Amino acid sequence: MFGLEKKDSLLLLIVAILTMCAPFILNPFPTDSGLAQFNAGYPDLMQRFVIFGIFAIGFNILFGLTGYLSFGHAAFLGVGSYSAVWMFKLLSMNIIPAIVLSVIIAGLFALVIGYVSLRRTGIYFSILTLAFAQMSFALAYSVLTPITNGETGLQLTLSDPRVLGVSATEDGSIPVTNLFGAEMRSAMDVAMGPWTFTFSVGYYVCAVAMLLAFYLSIRIFRSPFGMMLRAIKSNQTRMNYTGLNPRPYTLAAFVISGMYAGLAGGLMAAMDPLAGAERMQWTASGEVVLMTILGGAGTLIGPVLGAGLIKYFENIFSKINDNVLHGWFAFMPDGIEDFMVTLVHPFVGKGWHLTLGIMFMLVVIFLPGGLVEGGQRIGRMIRGRKARDAKSTATKPAE
Amino acid sequence: MDAILLQILNGLDKGSAYALIALGLTLIFGTLGVVNFAHGALFMIGAFCAVTLQRLFGLSFETIDETQTDFLGNPLKVKTPYVEAWFGPDFGATIIDWSVPLAILFAIPVMLVIGYVMERGLIKHFYKRPHADQILVTFGLAIVLQEVIKYYYGANPIQTPAPDALSGVMQVLPGVVYPVWRVVYFCFAVLVIGGVFAFLQFTTFGMVVRAGMADRETVGLLGIDIDKRFTLMFGLAAAVAGLAGVMYGPINAPNYHMGMDFLVLSFVVVVVGGMGSLPGAVLAGFLLGILESFASTTWATTTIPGINQIIIYLVAIIILLTRPRGLMGRKGVME
Amino acid sequence: MGILEVKDVGKRFGGLQALSDVNLSVAENTCHAIIGPNGAGKSTLLNCLVGKLIPDTGSVLFDGQSVLGRSPHEINQLGISRVFQTPEIFGDLTVMENMMIPLFAKRDGAYRLHAVKGMWSERALVEEAGRMLDEVNMADKRNMHAASMSRGDKRRLEMAMCLVQEPKLLLLDEPTAGMARADTNNTIDLLKEIKEKRDITIAIIEHDMHVVFSLADRITVLAQGTPLVEDLPEKIKGHPKVREAYLGEAA
Amino acid sequence: MNVRPDFSKHANQAETAPAFLSVWDMHAYYGESYIVQGISFNVHEGEILALLGRNGAGKTTTLRSIARMDSPQVNQGEIWLDHQPLHNMRSHQAAQVGLGLVPEDRSIIPGLTVEENLKLAQIAPPIGWSIERLYDLFPRLGERRNQEGVTLSGGEQQMLSIARALARDIKVLLLDEPYEGLAPVIVDEIEKTLRHIKEQGMTTIIVEQNAVRALQLADRAVILDTGSIVFDGSAAEVLENESLRAEYLAI
Amino acid sequence: FTNEPTGSSVTLGFNVPQTGPYADEGADELRAYELAVEHLNGGGDGGLLNTFSSKVLDGTGILGKKVEYVTGDTQTKSDAARASAQSMIQKDGAIMITGGSSSGVAVAVQGLCQEAGVIFMAGLTHSNDTTGKDKKANGFRHFFNGYMSGAALAPVLEQLYGNDRKAYHLTADYTWGWTQQESIAAATEALGWETVNNVLTPLAATDFSSYIAPVLNSGADVLVLNHYGGNMVNSLTNAVQFGLREKQVNGKNFEIVVPLFSRLMARGAGENIKGIVGSTNWHWSLQDEGSKAFVKSFGTKYGFPPSQAAHTCYVQTLLYADAVTRANSFNPCDVAAALEGFEFDGMGNGPTLYRAEDHQCFKDVLVVRGKENPTSEFDLLEIVEVTPAAQVTYPPDHPMFAGGQLGSCNPGA
Ligand SMILES: Nc1ncnc2c1ncn2[C@@H]1O[C@H](COP(=O)(O)OP(=O)(O)OP(=O)(O)O)[C@@H](O)[C@H]1O
Ligand SMILES: Nc1ncnc2c1ncn2[C@@H]1O[C@H](COP(=O)(O)OP(=O)(O)OP(=O)(O)O)[C@@H](O)[C@H]1O
Ligand SMILES: [Mg+2]
Ligand SMILES: [Mg+2]
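If you're matching them up, the sequences are chains G, C, R, W and S in order. Taking the numbering used here, the leading residue of the first sequence gets 3, the next gets one more, and so forth. Taking the numbering used here, the leading residue of the second sequence gets 31, the next gets one more, and so forth. Taking the numbering used here, the leading residue of the third sequence gets 297, the next gets one more, and so forth. Taking the numbering used here, the leading residue of the fourth sequence gets 106, the next gets one more, and so forth. Taking the numbering used here, the leading residue of the fifth sequence gets 10, the next gets one more, and so forth.
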C-alpha cells in the first residue's frame, strides 16, 4: 500500500485508525464518572498530541537516524509559529498560506543553523544548536519585541490589516482561523449514553497532517536516504571512503526535521493563534528530546507515543487536586480516605512533575528501548513460547 | 578605570561560580562520559545543605508573650532557638550566624553519600548506555530531586546570609569596594579548583579514570577495579558541586530550581572549555564570566542592544566554530 | 606512465619523519605489493593516497589527476577504494545494507537524495550486492548485523564493499590478517579473478608472504619511510637486505 | 577450602599431572546467540596450548570467557586457575589472580601515550616486568614512548599489547592472534620470547590463524568448530594428521 | 453561549502556577479560591460576603447552582497556561477562568478567553498592558498596575527622600518591566527627580552584580529595581551586598526602591527588605472591616495570613459571582455588562470602581516599607501610606495604555 512494505503499511493503517478514532479512544470514561478526569478526548489536547507527534517524528528523522542530537529544535517550531501568526495578521485567516510559510521559514532557518552547526559533531554540535536556539529565545523575548511581542507572545488584534480578509468580524471580534471556510475552532459534541465525544475540525486537520508526516517519515526511514543517515551514525569514516559526502545528507536531514518542526509550529498557531518566545527556550527543545527518547529513538512510532505521554501528564495529572482525590476515595472510611489522599497527593496536581520524573526514570531503567520496547515485550509475551525455537540470530533493523 | 576593575572582579566572581559548577560537571561528563542533567540538582542540594543546617540551628521552642498579638489577634508566640538556650544567647547566635561556613563541613559527607548512592544505585548501569538514555534518566532524577526539595522547602527563595563578619563590603583597592563574601567565594573557588587539580595531577587516579572511560574492558583486563574509581570520581564531583552550592547561598538566595538555571550554562561552559579537559572548563568558566560582566555594562548594551542576553551563546558559537574541540578539548571525547 | 604516480612524497609526525622521498609508480592492471617492517610507513603512505593525510611534500597523481587537496570521498569517486587495517564497516547495519551503500555511491556519486524511494525496489543493485556476497562466501550472512560478526567476516565484508564499487585502484591494507587459511586462499583467488576479469589495479600491504607472492606482480620494500628496493617478486625473495630487515627465516 | 573438581573424567584424555588451568563444560552467549557450546579442556603448568579453528568458530569468545569479560555471558561452566575459581570473578579479579589477555583488536587505550599504557598495567598488583625491560624487548616502543598509543603502526600496537600483558606478573597468558600484522622478523622475535617465557614457567594459550607456526610452538592443540571442541591432543598429532588439518584448518 | 451551566452546579477554572518559581504564590492563590468557593456555597464564616457592599450573594452558590471548580497549572508559561485554560473550557465546562501570577500569562489567557467566549478574571498581573494595549472585552482586572504604582509612590518618595534625587533604574527586559519603568520614571520625573540611567537586565539573570556595580560610581542616589519574583529577590540581595544601603551619595543616604512588592517575595529577600519602600495592592495588616474579615477567615483556615495575590483572587471570584447574580445570567456578555462600571466597597481596598472603558479596578493603593523589627515571619511590611484612588486614576486614553481595543464581548458558541 502506498509503496510501503507490508509491515509498514500495517503500522500506518493502525496509526490512521487510531488517530481517526481518537475522540472515542481518548474518552473511555463516561462523562460524569470519577474517572472522567482521565479522559483526554477534548480538542485542544488531541491537537497537542498530534502536533507534538509531528514535532517528535521530525526530530527523530535527525536524531534517530543520524544520531545528531540537536538541542535547539524548538527554535524552528517557534519560528514556524511566528511566521504563521504574522501570516494571519497580514494576509488571511486561511491556514494554508500560514502553514506553508511556516514550513518554508523554518526550513530556511534550519538551513542556516544546520549549515553552521553541522561543522561539528557529537556534543559540540548539540551545544551549537542549543546556543542558536537560546539566542533566538532571548532575542525574541526582549530585543525583537516589535516582531515577536516579547513576553506576552504574538497575538491577533482587532487592528490587524489582513489584506485578504477582514480585520474584525461584524460583531467586533477577531476572525477565526479556517481552512477555506471550515473554522478550526468549530466542534461537534455527540452524546452517546453517558459518554460525550467531541469532533473538532481543528483536530482532524492536524490528524491528517500528522498522518502525512508519518507516512513521509516511513518512506524516509525505508529509503536509501534513510539508510545513508543510519550509515552516517554508524561509521562516518567508512562513509567518506566509500565516496559519499556525509555533510549534505546530514544537512538535508536537519532541514527536513526543521521543516517538520515548522509544520508543527504552524499548526499550533493555526489551532490557537498565539506564538510565544517560550516555545523556543531550551526546555522546549529538551522536551522533544525527552519525547523521542521516552518513546524510543530511531523507531517510527516511538516519538509519537512519547509526545502523547508527556502531554498527557502535563495536561491531565496537573489538574488532579485534593478535591478530586477526595472525590475518588470518598467511598472509603474517613481515616483511610484521608490517608489515601495524603499518599497520592504529592504525585498529582502540583506534584505532577514528580510523577513525570519518576516515570522517565522507570521507563529508561526498565525499558531501554523506550515505550516501543515495552510494546514489543508485551507483544512477545503474547506471541509466547511457540516462536522461541524459531528464533533467528539475525537482528532486525529498527522498527 | 574603577568601573572596569569592578567588572573584572564581577567577572572573576561569576566565573568562579561557573568554573566550580563546570568543574564538577566535567568530572562526570567530560571524564566519566555521563551526560548528567542532574548536576544542577546536586548544586542545588548543596545550597540546601546550608538551608537545612540553618533550619536545624534555628529549631526553636515557643513561649507565649501576652503583651503582643499575632495577625489573628491571639497572644504572640515567641520562638527561641534551642542552641541559644543551650549555649547562651551570644554563642548560640554566633553558631546560627556562621551556619553557612559550618555547612561546608555538613555538606561534604552529605554530598559524598548522595554521590555514592546515585552512582551505585543508578548511574553505574548507564555508563554503557547511549547518551540519550543518560539524559532521560538524569533529567528524571533532577526533577525528582527538585520536587522533593520543593515539597519540603517551598518554591520561594530562602536566604542563607553570610556571617556578619564576612558580609558587607571591603576595600580591595583605594576607592574600590567589593562585597566581602564575593571575595571569599572567589578564594574558595580557587582553593577547591587547586585541590581537585592537585589530586588528579599528582596521583594516577585521573589517568586511570580517563583510561577506564576510553576502554573499560581493557582496564579491567589489567587488574584495575574501575567501578570503584568511577564511584569515587562521582562522589568527588558531587562534593564539588555541593560545595559550590553551599557557598553560593549568601550571594543569591537558594531556591529549588536554581540548579536548572545553571544547568544549561554549565554544559555550555564545559563544552566551550573542551570535553574532558579540567583546565578548559575552568578557563571557559572565567572567560565567560568576565565577558558576561562586560557585556552587561551600559556601554555594551547601548552599542549592541540585547548583547547581555546572548553574549554567552554568541561566544560559545564563535569558539566552537574556530576551535573544533573548544578551548582545550581532548580528541575523541563525545565527538 | 602508471595509473598511480607517487613522487617525492614526505610526511612528518612531530619529531618523526614517517615518509621521505617516496617514489612509486603502479602500472595499470597490475598488483603491486608494499611490504616492510612494522612502522615503516606503509599505512601512512596509503593514508596519503586516499586523503586521510596530506603529505608535507611531493605529489600524488592518479589517472593523471592530482589527488592532493581532495577530500576522501572525492578521491573515492575518482576510482580509489580502500580496505583498512582494522575493519571499517557500518556496524549498525545489516550485511546487505552495508553492500548497498557502495553501490549507491558508485551509481549516484557523492550525494543524491532518494528520500522517498523504497530501498529494496532497487532490484539491480540488490542483485549485484547478492552476487558479490556470493563471491566472498557470505551469502548466508546477508541479514546479519555487521557488528556481531567475527572479525574475519568483517574483513571479508569490507573487501566485498570495496570490490563491488569496481574501483580502478584497490588499496588493501593487510586484507587477510586474521583470516582463516581457507578464506585467505579464497581471497587470493578472488583477487586474482577480479584483477583479470575487470581491469583493476591493486596495491596491497601484507605481512603474509604467501599472499604477497601469490598475488604481486611487483613489490616495493619500504623501510623507515623510504623505499629500499623495488623489483619483481622472485628478486625480492632472494634480496639479502630484505631478508635481513624484514623476511627473517620465513622466506 | 576450594575443592577442585576432578576434571580428568570429563577431559578427552586421561591426564596424570594436575591441570593448571581448567575449563569445564563452559557455555557462552552473546545476548541470545549461543556461541560456545559446552567445552572442556585443561592446560598444564608451563604448557603452550594452541587453540585453533575457522573464523567465527568461537576462539575469541572462549578466551574472553576465560578472562571473565562482561560479554560474552557465561551461563554455565567452571573455570579454575591454580586452585582458584575464576568463574565467580570479574575480569579485574581474574587479572589479579594472574590472568593476562592480549586481545585480538589490541585494545590500545586512546588518549594515553605508550608509556602510560604500560604504566596502567602496573597499577594493580601483581607487577611483572619493569618498563625498561619491556623496552629492551621491543626497542621500537622505547623510541615511541611519548607517542599516543593509538597512532602507532599496526605492528607496533601489537607489540605494545603484548608488552602490556607482560608488565603484569601473570601465571597464564592468553594470546589472541599475536602474530597478526607483524613483519616476519618480528614474528620470529616474538616466538623466541614466548619460548623464553615458557622456560620460565609461563602457561600460555595461543589463538592463531597461522596454524603451522602456532603448532610448531605449542605442546598441545585444541580445535574448535562452531563452538564445540572437535580435537584435543598433542600439537604434533595435528601436524601429522592430514585429514584433520584439511577439514578444520584448510592447510 | 459557551459552557452554559445546565445542571445543579457551575464550574469555575482556577488557573495558577503550581510548578516553577511562582508555585508558592500560585498555592496561595489556590487557597484563596478554595476559600471563596467555600464561602459562596455557604460554608465557613462567610468571609467578605459579610462586608461586601453588594448583598445579592446569599451562600447558596451562584444563582442557586453549587459552585465547583477545577484547577490547572500555568507553569508561568503562556503556552501551558493556554493549554490548561483550554482544557478547563473544553473538557470541564468551566464558565469562567481566573488566576495567574504574571502579566504574560494573564494577557495570553485573556486573549484565549475572549476567543472562546468565557469571562477571564485576572489574578496577579501588574503590567499596564493587561488593561491597556492588550485589553479584552471578556477580561477584567482587579489588581493594580504599573502606572498606579508610580502615581502612588511618587508623593511618598518625595516626602521621604526629597525632590532632588538621581534615580538609576534596573529593569527586567520584557514588557512588564518596561511598562513599570516607564510609569515610575514618569511619576518621579514629574517630582523633579532625574533618571540617570535605565539598564535592562535579562530575565534569566540570577547574579546582578555586574548591573549593580556600575551604580556605585554613577552619581545616582536612588536605585529603582523594576523586578519581580526571583529577579527582585536576587537584585535586591545583590544591591545590599554591594553596600548600597550604607552608602552616602551627594550628601544623601542612598536609597533603594522596589515599586512592586509582595509579601512572599519580601520573605525571600529576608533581612534585605528592611526599610525599602514599594507599593502593594493589599496587605493583611489593613484595619478596615473587609480586610479584617478576610484575614480572619483565611488565617483560621490555613494558619497564616493571606498574600495580596490571595486577596485579589478571592475578591475576583466574589465579584464574578456577584455580577452573575445581579445580571441573573451566566451569559458572559450579561456578566460583563454587570461588571462594567460597577462600584463596590467592603473588599479591603476601600470604595472601588470597575471602569467600563478598560475593565480596570480603581481603588486605593498601598505604599509599604520593609519593617525593621518584624514580630513574626509574616510581619514583614508596614504600611506607610494609603494613596487614595483618585490620585492613581488616569484617563482611559492615557498614552501608556493606548493602542488596544476592548472589542465586543464574545459569548462563544
Ligand atoms: N598520527 C601519528 N602521530 C605520530 N606518529 C605516527 C602517527 N601515525 C603513524 N605514526 C608513526 O609513523 C610510523 C609509520 O606508521 P605506519 O602506520 O605507516 O606503519 P606501517 O608501515 O603501516 O606498519 P605496520 O606494518 O606495523 O602496520 C610509525 O612509527 C608510527 O608510530
Ligand atoms: N558482540 C557479538 N555479538 C553477537 N555475536 C557475536 C559477537 N561477537 C562475536 N559474535 C559471534 O560469535 C561467533 C564466534 O565469534 P568469535 O569472535 O569468537 O570467533 P573467532 O573464532 O575468534 O573468529 P576469528 O578467527 O574470525 O576471530 C561468531 O559467529 C560471531 O558472529
Ligand atoms: Mg600499517
Ligand atoms: Mg577472533
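FYI, nobody ran anything at the bench for these hints, they're computed from the structure. All values derive from a computational prediction rather than experimental measurement. Incorrect hints may appear among the rest.
[To be verified] BS3-like, lysine-lysine: derived pairs with alpha carbons at most 25 Å apart:
| hint | chain 1 | residue 1 | chain 2 | residue 2 |
| --- | --- | --- | --- | --- |
| 1 | R | K491 | R | K537 |
| 2 | W | K276 | R | K537 |
| 3 | S | K75 | C | K107 |
| 4 | C | K107 | S | K64 |
| 5 | R | K402 | G | K9 |
| 6 | S | K310 | S | K64 |
| 7 | C | K109 | S | K310 |
| 8 | C | K361 | W | K224 |
| 9 | S | K380 | S | K283 |
| 10 | S | K380 | C | K107 |
| 11 | S | K64 | S | K74 |
| 12 | R | K413 | G | K8 |
| 13 | W | K224 | C | K258 |
| 14 | R | K488 | R | K533 |
| 15 | W | K297 | R | K533 |
| 16 | R | K348 | C | K361 |
| 17 | C | K258 | C | K107 |
| 18 | R | K488 | R | K464 |
| 19 | S | K301 | S | K64 |
| 20 | R | K533 | R | K491 |
| 21 | R | K531 | R | K488 |
| 22 | C | K107 | S | K310 |
| 23 | S | K283 | S | K175 |
| 24 | S | K305 | S | K64 |
| 25 | S | K175 | S | K256 |
| 26 | W | K297 | W | K276 |
| 27 | C | K158 | C | K361 |
| 28 | C | K258 | C | K109 |
| 29 | S | K175 | C | K109 |
| 30 | S | K283 | C | K109 |
| 31 | G | K91 | S | K142 |
| 32 | S | K256 | S | K380 |
| 33 | C | K107 | S | K301 |
| 34 | C | K109 | S | K64 |
[Unchecked claim] Chain R is faced by these chain G residues, among others (derived, beta-carbon under 8 Å):
| hint | residue |
| --- | --- |
| 35 | F227 |
| 36 | M229 |
| 37 | R232 |
| 38 | S236 |
| 39 | N237 |
| 40 | T244 |
The C-beta atom is built at its ideal place from N, Cα and C for all residues, glycine as well.
Here's how the hints hold up against the structure:
The suggested pairing of K491 (chain R) with K537 (chain R) is violated, with an alpha-carbon distance near 30 Å, which exceeds 25 Å. A C-alpha spacing of about 39 Å is found between K276 (chain W) and K537 (chain R), which places the hinted pair above 25 Å, so the restraint is violated. Under the criterion of a C-alpha separation no larger than 25 Å, the hint pairing K75 (chain S) with K107 (chain C) is inconsistent with the structure, at around 39 Å. At most 25 Å may separate the alpha-carbon atoms for a hinted pair to count; K107 (chain C) and K64 (chain S) exceed this at roughly 38 Å.
A C-alpha spacing of about 30 Å is found between K402 (chain R) and K9 (chain G), which places the hinted pair above 25 Å, so the restraint is violated. A C-alpha spacing of about 24 Å is found between K310 (chain S) and K64 (chain S), which places the hinted pair at or below 25 Å, so the restraint holds. This hinted pair checks out: K109 (chain C) and K310 (chain S) have alpha carbons roughly 22 Å apart, not beyond 25 Å. With a CA separation close to 21 Å, the supplied pair K361 (chain C) and K224 (chain W) stays within the 25 Å bound.
A threshold of 25 Å between alpha carbons decides the hint, and for K380 (chain S) with K283 (chain S) the separation of about 5 Å falls inside it, so the pair holds. In summary, the hint linking K380 (chain S) to K107 (chain C) is supported, as the alpha carbons are separated by about 19 Å, within the 25 Å threshold. Distance check on the hinted pair: K64 (chain S) and K74 (chain S) sit about 17 Å apart at the alpha-carbon level, within 25 Å; holds. With a C-alpha separation of about 15 Å, the suggested pair K413 (chain R) and K8 (chain G) falls inside the 25 Å cut-off, and the hint holds.
Distance restraint check for K224 (chain W) and K258 (chain C): the Cα-Cα separation of roughly 19 Å lies within the 25 Å cut-off, and the hinted pair is therefore satisfied. For the hint linking K488 (chain R) to K533 (chain R), the alpha-carbon distance of about 21 Å falls within 25 Å, and the restraint holds. Note on K297 (chain W) and K533 (chain R): the hinted pairing holds, with a Cα-Cα distance of about 23 Å set against a maximum of 25 Å. Between the alpha carbons of K348 (chain R) and K361 (chain C) the distance comes to roughly 16 Å, so the proposed pair stays at or under 25 Å and holds.
Taking the CA atoms of K258 (chain C) and K107 (chain C), the gap is near 52 Å; set against the 25 Å cutoff, the hint is violated. Proximity of K488 (chain R) to K464 (chain R) is assessed by CA-CA distance (about 15 Å); at most 25 Å being required, the pair is judged to hold. Straight-line distance between C-alpha atoms of K301 (chain S) and K64 (chain S) comes to about 18 Å, which keeps the hinted pair within the 25 Å bound. With a CA separation close to 23 Å, the supplied pair K533 (chain R) and K491 (chain R) stays within the 25 Å bound.
Taking the CA atoms of K531 (chain R) and K488 (chain R), the gap is about 21 Å. The hint holds against a cut of 25 Å. This hinted pair checks out: K107 (chain C) and K310 (chain S) have alpha carbons roughly 18 Å apart, not beyond 25 Å. For the hint linking K283 (chain S) to K175 (chain S), the alpha-carbon distance of about 22 Å falls within 25 Å, and the restraint holds. For the given pair, K305 (chain S) sits about 20 Å from K64 (chain S) by alpha-carbon distance, which is consistent with the 25 Å threshold.
Proximity of K175 (chain S) to K256 (chain S) is assessed by CA-CA distance (about 14 Å); at most 25 Å being required, the pair is judged to hold. With a C-alpha separation of about 19 Å, the suggested pairing of K297 (chain W) with K276 (chain W) holds against the 25 Å cut-off. A hinted pair counts as satisfied when its Cα atoms are at most 25 Å apart, and K158 (chain C) with K361 (chain C) qualifies at roughly 19 Å. Between K258 (chain C) and K109 (chain C) the CA atoms are separated by roughly 47 Å; this puts the pair beyond 25 Å, and the hint is violated.
Between K175 (chain S) and K109 (chain C), the direct Cα distance comes to roughly 42 Å. Violation of the 25 Å bound is thereby established for this hinted pair. For a cut-off of 25 Å, the pair hint linking K283 (chain S) to K109 (chain C) stands: about 20 Å separates their Cα positions. At roughly 16 Å between alpha-carbon atoms, K91 (chain G) and K142 (chain S) fall within 25 Å of each other, so this suggested pair holds. Taking the CA atoms of K256 (chain S) and K380 (chain S), the gap is about 20 Å. The hint holds against a cut of 25 Å.
Between K107 (chain C) and K301 (chain S) the alpha-carbon distance is near 20 Å, which keeps this suggested pair within the 25 Å criterion. For the hint linking K109 (chain C) to K64 (chain S), the alpha-carbon distance of about 43 Å lies beyond 25 Å, and the restraint is violated. Because the beta carbon of F227 (chain G) sits about 4 Å from the nearest beta carbon in chain R, less than 8 Å, this interface hint is met. A least Cβ separation of about 6 Å between M229 (chain G) and chain R falls short of the 8 Å threshold, and the interface hint therefore holds.
A cut of 8 Å between beta carbons decides the hint on R232 (chain G): the least distance to chain R is about 6 Å, and the hint holds. Taking 8 Å as the C-beta contact cut-off toward chain R, the hint placing S236 (chain G) at the interface holds, the least distance being around 4 Å. About 5 Å separates the beta-carbon of N237 (chain G) from the nearest beta-carbon of chain R, less than 8 Å, and the hint is met. For T244 (chain G), the suggested interface contact is upheld, since its CB lies about 5 Å from the closest CB of chain R, less than 8 Å.
Against the hints set out earlier in the document, violations occur for numbers 1, 2, 3, 4, 5, 17, 28, 29, 34.
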